[in-house]
Amino acid sequence: MNALTEERYLPWALLAPTLIIILLIAIFPLLYNLFLSMHFWNMTRPELGMRFIWFKNFQSLFTSSIFWGSFTRTVIFTIVAVGIEMCLGFALALLFNREFKGKSVVFPIILIPMITTPIVVGLIWRYMYNGEFGFVSWILQVLGADIHAVLSNPATALPAVIFVDVWHWTPFVFLLSFARLTALPKDPYEAAEIDGASSWQIFKWITFPMMKSVLLVALLLRTMDAFKIFDEIFIMTQGGPGDATEMLSLEIYRETFRYFNMGKGSAEAIVMLIVIIIISRIYLKIFQKQEAVVEK
Amino acid sequence: MEKKRGKLYWVILYLAIAATVVLFLFPVVYLFMTSFKSRLDIYVMPPKFIFVPTVQAWIDAFTKKPLFLYFFNSTVVAFGTTVISLVFGTLAAYALARFKIKGEKDISFFILSIRMFPPIAASIPIFLFMKRFALLDTRFCLIIAYTVFNLPFVVWMMREFILAIPLEIEEAALVDGLTRMQAFRKILLPLLRPSLVAVAIFCIIFSWSEFLFSFLLTQTAAKTMPVSISEFITWREVTWEQVSAAGTALIVPVLIFSFLVQKYLVRGLSLGAVKE
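Chains as they are written, first to last, in this note's numbering: chain U, 1 to 296; chain C, 1001 to 1276.
One should not assume that every hint holds.
Dumping the calculated DSSO-like pairs for lysine-lysine here, alpha-carbon to alpha-carbon at most 30 Å [what the hints assert, rightly or not]:
no., chain 1, residue 1, chain 2, residue 2
1, C, K1065, U, K56
2, U, K204, U, K103
3, C, K1048, C, K1105
4, C, K1007, U, K103
5, U, K285, C, K1105
6, C, K1263, U, K186
7, U, K212, C, K1105
8, C, K1048, C, K1065
9, U, K285, C, K1102
10, U, K285, C, K1007
11, C, K1131, U, K103
12, C, K1065, U, K212
13, U, K101, C, K1131
14, U, K285, C, K1131
15, C, K1105, U, K101
16, U, K204, C, K1007
A few chain C residues that face chain U, going by a derived Cβ cut-off under 7 Å, partial list only [unchecked claim]:
no., residue
17, G1006
18, Y1009
19, V1021
20, Q1056
21, W1058
22, T1234
23, L1250
24, V1252
25, P1253
Just so you know, these hints were derived from the structure itself, not from any lab.
Beta carbons are placed, not taken as given, at the ideal position from N, Cα and C, and that holds for glycine.
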């Protein structure tokens, strides 16, 4: 093979398998989703067939209180859970960024929740929250709180689920923040020390500005993932009691794989996709800009 | 900048750290403990911490349900996915890292954006697609589905790792008359071995933990461990000691594997956005 043709065509040959798989299993489904979202198609009513109905699915979504309910619930869940995770994770990283005994033992332990399989996280907490013999219920009893079965009470189910997400993902924010903290240059701190800056001033003017980029990365990754949460909630409550913990992804699941309203489910999936795309566009923009900056 | 700290500082610091450790570790330990309890020791309030351990739950879990089959399925799917995504992904990464391609940046970010896809949105067409080709409930269909979600990760990570290797080593080989692919195989691949292992372990963890696709695309023959765990929970009863055993069996390999790639966790989980 001629070296010039090799330079020109070889990279495309190397990229081809990856691009073909992505086109086939990700892009084609996306387009098919779009196609389905403009159709009426209920798989349990084959006699009604598949009809093109323009944007009627979206219309009925946007006027449906169930859809808006799960949409706003997902937004609330995401904002509250990710907000707490960011604060706690960063605080924990600051706490860890000092000398103490046993650090190398404690560090991997804190990462355990993040590594635990989501389905098992759901399982653990469903067990802990159990009203009759769960550990959390026992603690609440000892503390004198008049709450049983946290997950079967509509008022406490959502906070309980948020708590689980915080437990699961605070270590993630911690890990990213801590990695960056330990890689920060030492000179600005020495200079500040000489100038007699207070610890708060050092944090505000040196640490925080240098941590901004990594916190942003953590924030966006967490936001995207929290917005599409499924496994943990599916195991713990299946969206219940009532619809107290029904998130968008569970709603899509119900619509398509329980009621077999493929059209309506696809329309919901498209809405979800648009939200995720907006968040990920912001992410990629920042990422492209920061790519050089975040490096040590 | 070593400062003299008061006693109070140390007390508060260690208390905070101890509380953190208990909070994050206890639930997992509790699951582990439960898997060795007898049923009588579970259904009591307050929860028991001292009990006679028994392996009955493990025996029951593995004999009453075909957990070995599900374990086998999980393993096959995890390794199948890993091999395919590693081979294709590394080739693509090589192309992106070492060739001048028109729109290279756009291709990279296009591949990365697939990672952000909500799986539930992709699941409807993939389900119909697999149904159409009679691929439902096969390990093959899971491997295909997982590969798509692993590829972006592999491409990005391997691109990073290749970029970190000085170009001169390869250039010397090319001057010596090796073709691009020979240079890749003989020079680059041996250097990339540790990175490949790390990325492979990440792929294994991802596929091992995946629930949604397995739940939607399999019924019996190709079912994986995470799905089997969801099935211990029925409206009638939950056999907590058995499901704890199954859950422990599921996460132990993940914990071990994660421990092996601890060094790469930050990079891996932020898709290379944060480097240490």
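Please write out, lowest number first, the hints stated earlier that are contradicted by the structure. 1, 3, 10, 11, 12, 13, 14, 15, 17, 18, 20, 21, 22, 24 and 25
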